[in-house]
Amino acid sequence: MSYRNRELGYLIAVGALTGLGFASVYIARQAVIGWSSLTYAAFFVGLYLIAHIVTRLTVPHADPYLLPMTGFLTAVGLTEIYRLGPGDAFKQGLWVVIGVAVFALTMIGLRRDYRVLEDYKYLFGVGAIALLFLPRLPVIGETINGARLWIHFGPLQFQPGELAKIFLIVFLAGYVREKREVLAQGRLKDVGPVLVIWAAAMLVLVATNDLGSALLYFGIFIAMLYIATARLSFVLAGLGLFVAGVYAANRAIPHVHERVLIWLHPWTTQKVPCPVTGTMALRQDCESYQLVKSLYSISNGGFGGTGLGKGTFTTTSGTQLIPDVKTDFIYSAVAQELGLVGVAALLLVFMVFVARGMKIALQVDDGFSKLLAAGLTFGFALQTFVIVGGILRIIPLTGITLPFVSYGGSSIVANFLLLAGLLLISNRANANTA
Amino acid sequence: MNRQISQVAIASLILLASLIVATTYWQTWASAGLAARQDNEIQRVAQFTIDRGLIYASNGKTVLAANTRKKIGGQTLFFRRYPTNGLASQVVGYSTQSRSRTGVEQAENSYLTASNADIGTILGTVGSRLKGTTIKGNSLVLTIHAGAQKLAENLLAGKCGAAVVMNPKTGAVYVMASTPGFNPNLVEQPAGYAKISATKSPCPPEPAAPLLNRATQGLFPPGSIFKTITAAAALDDGVYKPDSTFDDPGYCTEYGKQVKNALDQSGPEAFGIVNLVEAYQHSINAVFCNIGQKLGAKRILDEARKFGFYSVPPLEMPSDARSASGLYLNGKLFDPSTGKGYSRVDPGRLAFGQDKMLTTPLQMAMVASAVANNGVEMKPTLIKQVLAPDGSVIKRLHPQVLRQATKASTAAELKNMMVEVVQAGTGTAAQIPGVVVAGKTGTAETCACNTVYDAWFIFFAPAEDPTVAGAVVVEYQNNGFGGSVAAPIAKQLMQAILPPTPNSTGTLGN
Chain A
27 MSYRNRELGY LIAVGALTGL GFASVYIARQ AVIGWSSLTY AAFFVGLYLI AHIVTRLTVP
87 HADPYLLPMT GFLTAVGLTE IYRLGPGDAF KQGLWVVIGV AVFALTMIGL RRDYRVLEDY
147 KYLFGVGAIA LLFLPRLPVI GETINGARLW IHFGPLQFQP GELAKIFLIV FLAGYVREKR
207 EVLAQGRLKD VGPVLVIWAA AMLVLVATND LGSALLYFGI FIAMLYIATA RLSFVLAGLG
267 LFVAGVYAAN RAIPHVHERV LIWLHPWTTQ KVPCPVTGTM ALRQDCESYQ LVKSLYSISN
327 GGFGGTGLGK GTFTTTSGTQ LIPDVKTDFI YSAVAQELGL VGVAALLLVF MVFVARGMKI
387 ALQVDDGFSK LLAAGLTFGF ALQTFVIVGG ILRIIPLTGI TLPFVSYGGS SIVANFLLLA
447 GLLLISNRAN ANTA
Chain B
9 MNRQISQVAI ASLILLASLI VATTYWQTWA SAGLAARQDN EIQRVAQFTI DRGLIYASNG
69 KTVLAANTRK KIGGQTLFFR RYPTNGLASQ VVGYSTQSRS RTGVEQAENS YLTASNADIG
129 TILGTVGSRL KGTTIKGNSL VLTIHAGAQK LAENLLAGKC GAAVVMNPKT GAVYVMASTP
189 GFNPNLVEQP AGYAKISATK SPCPPEPAAP LLNRATQGLF PPGSIFKTIT AAAALDDGVY
249 KPDSTFDDPG YCTEYGKQVK NALDQSGPEA FGIVNLVEAY QHSINAVFCN IGQKLGAKRI
309 LDEARKFGFY SVPPLEMPSD ARSASGLYLN GKLFDPSTGK GYSRVDPGRL AFGQDKMLTT
369 PLQMAMVASA VANNGVEMKP TLIKQVLAPD GSVIKRLHPQ VLRQATKAST AAELKNMMVE
429 VVQAGTGTAA QIPGVVVAGK TGTAETCACN TVYDAWFIFF APAEDPTVAG AVVVEYQNNG
489 FGGSVAAPIA KQLMQAILPP TPNSTGTLGN
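Chain order of the listed sequences is A and B. The numbering of the first sequence is this note's numbering, which starts it at 27 and goes up by one. The numbering of the second sequence is this note's numbering, which starts it at 9 and goes up by one.
For the record, the hints were derived by calculation from the structure and aren't laboratory data. Keep in mind it's a predicted model, so treat the numbers as computed, not measured. Among the clues, some could well be false.
Claimed, not checked - No more than 27 Å apart at the CA atoms, straight line, and that leaves these computed lysine-lysine pairs for DSS-like:
no.: 1; chain 1: B; residue 1: Lys415; chain 2: B; residue 2: Lys387
no.: 2; chain 1: B; residue 1: Lys79; chain 2: A; residue 2: Lys117
no.: 3; chain 1: B; residue 1: Lys177; chain 2: B; residue 2: Lys314
no.: 4; chain 1: B; residue 1: Lys203; chain 2: A; residue 2: Lys336
no.: 5; chain 1: A; residue 1: Lys336; chain 2: B; residue 2: Lys79
no.: 6; chain 1: A; residue 1: Lys336; chain 2: B; residue 2: Lys144
no.: 7; chain 1: B; residue 1: Lys415; chain 2: B; residue 2: Lys249
no.: 8; chain 1: B; residue 1: Lys340; chain 2: B; residue 2: Lys69
no.: 9; chain 1: B; residue 1: Lys78; chain 2: B; residue 2: Lys203
no.: 10; chain 1: B; residue 1: Lys167; chain 2: B; residue 2: Lys340
no.: 11; chain 1: B; residue 1: Lys348; chain 2: B; residue 2: Lys302
Said to hold, decoys possible - The following label-pair restraints were derived from C-beta to C-beta distances:
no.: 12; chain 1: A; residue 1: Gly35; chain 2: B; residue 2: Val29; range: 52 to 62 Å
no.: 13; chain 1: B; residue 1: Asn93; chain 2: A; residue 2: Ala39; range: 38 to 48 Å
no.: 14; chain 1: A; residue 1: Asp114; chain 2: B; residue 2: Thr36; range: 23 to 33 Å
no.: 15; chain 1: A; residue 1: Asp114; chain 2: B; residue 2: His406; range: 19 to 29 Å
no.: 16; chain 1: A; residue 1: Asp139; chain 2: B; residue 2: Gly41; range: 26 to 36 Å
no.: 17; chain 1: B; residue 1: Thr76; chain 2: A; residue 2: Ala39; range: 42 to 52 Å
no.: 18; chain 1: B; residue 1: His406; chain 2: A; residue 2: Ala39; range: 33 to 43 Å
no.: 19; chain 1: A; residue 1: Pro164; chain 2: B; residue 2: Arg89; range: 51 to 61 Å
no.: 20; chain 1: B; residue 1: Gly68; chain 2: A; residue 2: Asp114; range: 46 to 56 Å
All residues carry an ideal CB built from backbone N, CA and C; glycine is no exception.
Kindly produce the complete structure, drawing on both the sequences and the hints.
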């Protein structure tokens, strides 16, 4: 069977799953939602069929698993968001439409040779930095939850950091490939850029108070540098510098210190000063409120979950238990309703996605493509780890989206760009071997 | 570069695999600990998704606890409401959103939430879970007689007091009243709890304590009703017979001092020569004081233990809402059987129910029941039936013998003595035309002032075949005696429960 027919087959399976998901939510919550909810599933399948036609036309030899997996992840996200708030699911659906449109445009625009991007690498580099600093601008910048990561145009919110991540990976793939040999020698003057990027990451951390993004950008950079140079010392030095930087930030920046405290001691038995209200409170009632409620949500799922639509996300008076449940904490919602069985399956899909992405990096024959594919894939994996690891208290929690699953337009669009990149590279790799 | 890409790929997969491990930890090992945490609202909400079982009075019609459904966030939640606004408030108790519960609501929570271990309930619950339908709890039909309960609360209104009426043959509790009561619907209203706590006390300086179940938790000096225990001890051993004679000079000598007879006895201040029946009938302290000195504190307390003193009576109430009767020293149950304890007890005053002796109305109702039931004390119970959601009975009252409190012959002798009390003694106010009533009055000193008393009456009827037995106590009565305050209340309660009889006076043939 050809790659594209296989892709179509998997997409139909994903479409059936999506239908089942929405049907479950409908059955569990028919008191509040109508049967029209099922049209979401139909609409969703239609959308992915369009994406499929685009891949058929532009990248016939590309990996057949990535698009169905993306479909699966967005379906899980959309179903859960729909279950949490039907109104938001409509908006998220629109963002998926925009994401697919951006995906289609990218595929069509770059179908001949995406490697032209390498020529514009510095433009992407500058663009990434510009995007990162957009939220610092006075009028359009916005601070949410102590981190200044958003810009808004009227009612539309956008997190430019998500796009900056893609831009940064494109820039790094070009830059690292070009400087590969010099970097590998490890002379001080050549290591300079490493320090520059580290400094930039720290600056991002200080400027935006966003530990997660800093870790994400810096991690991507270190990984790509290692792939290009094979020098483990870069990795060790980079990690050392990062840890030292975070340690310093922990002492100097209250917001970062708070994150570390929440991570280490989410529950207190004594009342501690609560910076939110300025009074004394148990930490679980104050700073770590959201993390703790999220852990309760996950643990309530148990092995099999409560079932879609049957989880508990509000108090008896109707107050939402986890304020950011649709965005950063979507994992906690899915974990409660689908249980260990469900989220383990979800994480396995993430793992297969990463495995396929890395396989593309291994198969493709030119340095830029290898670095780009590996960078995009690693960025995808690391972002998943940073947010879910934060929720599960493996690392300090920082607000960042779960790729394809979380509610949020910028995240959806950026990840569709990532998917487009991987499919284009895959097409090239397979076209050469075919 | 491929070697490095493979290494980064493996590192990425390890990172993601660690997420599965961590999720497993939170969803399995850590799960129980997190569920038990007080601030875990999910658990709190979860119990409101259960259609909690209803609580009915014994007629199966009067609903004491029901549910109001509310749709919140698309979920149907069930909140408790109490349609009678407080009938048998301390017995039914309450169940709030903050998971605090009292009374039957707490004690029988597993039935009410369908988490009991009966196989039918388990299958039903699993079925509901699989189908995604609401889990329905089992309903309770209490033994509480709605009419008599209401009457008891009305009769005790404006007083601090308690009444327990039960079936001496089955242990079914018909009435368990404690005043002041409270409106359980207020508990969850803003400032409602404060309102309940601020209930004005009808018996100052004692607090109103409306949440306290005086019937099972309240400890009161029994006064003369305790003479029943003393008499049982005397008769059980054969030390005395009903016709044993005593000389009553109007006082007894305790540690070289005269202890005068109490004001509540009927007849002259000093009776002279009387037998045991007459001493009991007229509640003569001097006689019982001497009996106590003869028997000793140990013998009297051993007899009390046989009736259940020094153990917490079994009942479908939380254990912290039940107290053991016995001697109390500094607010704690004092067991003189250890060390030189008995030297600290005055047997003469103990014999007529003073000197550190404190009892619960439930315990005294059990004493009356044991006498009524040939010395056999039945296990008191509040649950008549447990009904599955489909209305089928999954559990019904099976009378259980708690203990043989005293010999059947002693019980018969005590019964005659108690009948005499009502026919021509201190308890005439409890007479019911057409029914032979047995009873004993008690008027216990609550302070050194000698004018404020706890008024008691224990009773059963009809004497030839008792179907009701109980105890009434009214606290802090100014010059109010058991015979004048408690006995009339007992009479009305018995009348409310006993079938109506032709208006003729019957006597017990002996």
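Consistency of the hints with the structure:
| no. | hint | verdict |
| --- | --- | --- |
| 1 | B:Lys415 <-> B:Lys387 | holds (18 Å) |
| 2 | B:Lys79 <-> A:Lys117 | holds (25 Å) |
| 3 | B:Lys177 <-> B:Lys314 | holds (18 Å) |
| 4 | B:Lys203 <-> A:Lys336 | violated (37 Å) |
| 5 | A:Lys336 <-> B:Lys79 | holds (14 Å) |
| 6 | A:Lys336 <-> B:Lys144 | holds (16 Å) |
| 7 | B:Lys415 <-> B:Lys249 | holds (14 Å) |
| 8 | B:Lys340 <-> B:Lys69 | violated (41 Å) |
| 9 | B:Lys78 <-> B:Lys203 | holds (25 Å) |
| 10 | B:Lys167 <-> B:Lys340 | holds (26 Å) |
| 11 | B:Lys348 <-> B:Lys302 | holds (19 Å) |
| 12 | A:Gly35 <-> B:Val29: 52 to 62 Å | violated (32 Å) |
| 13 | B:Asn93 <-> A:Ala39: 38 to 48 Å | violated (59 Å) |
| 14 | A:Asp114 <-> B:Thr36: 23 to 33 Å | holds (31 Å) |
| 15 | A:Asp114 <-> B:His406: 19 to 29 Å | violated (56 Å) |
| 16 | A:Asp139 <-> B:Gly41: 26 to 36 Å | violated (57 Å) |
| 17 | B:Thr76 <-> A:Ala39: 42 to 52 Å | holds (45 Å) |
| 18 | B:His406 <-> A:Ala39: 33 to 43 Å | violated (58 Å) |
| 19 | A:Pro164 <-> B:Arg89: 51 to 61 Å | holds (55 Å) |
| 20 | B:Gly68 <-> A:Asp114: 46 to 56 Å | holds (48 Å) |
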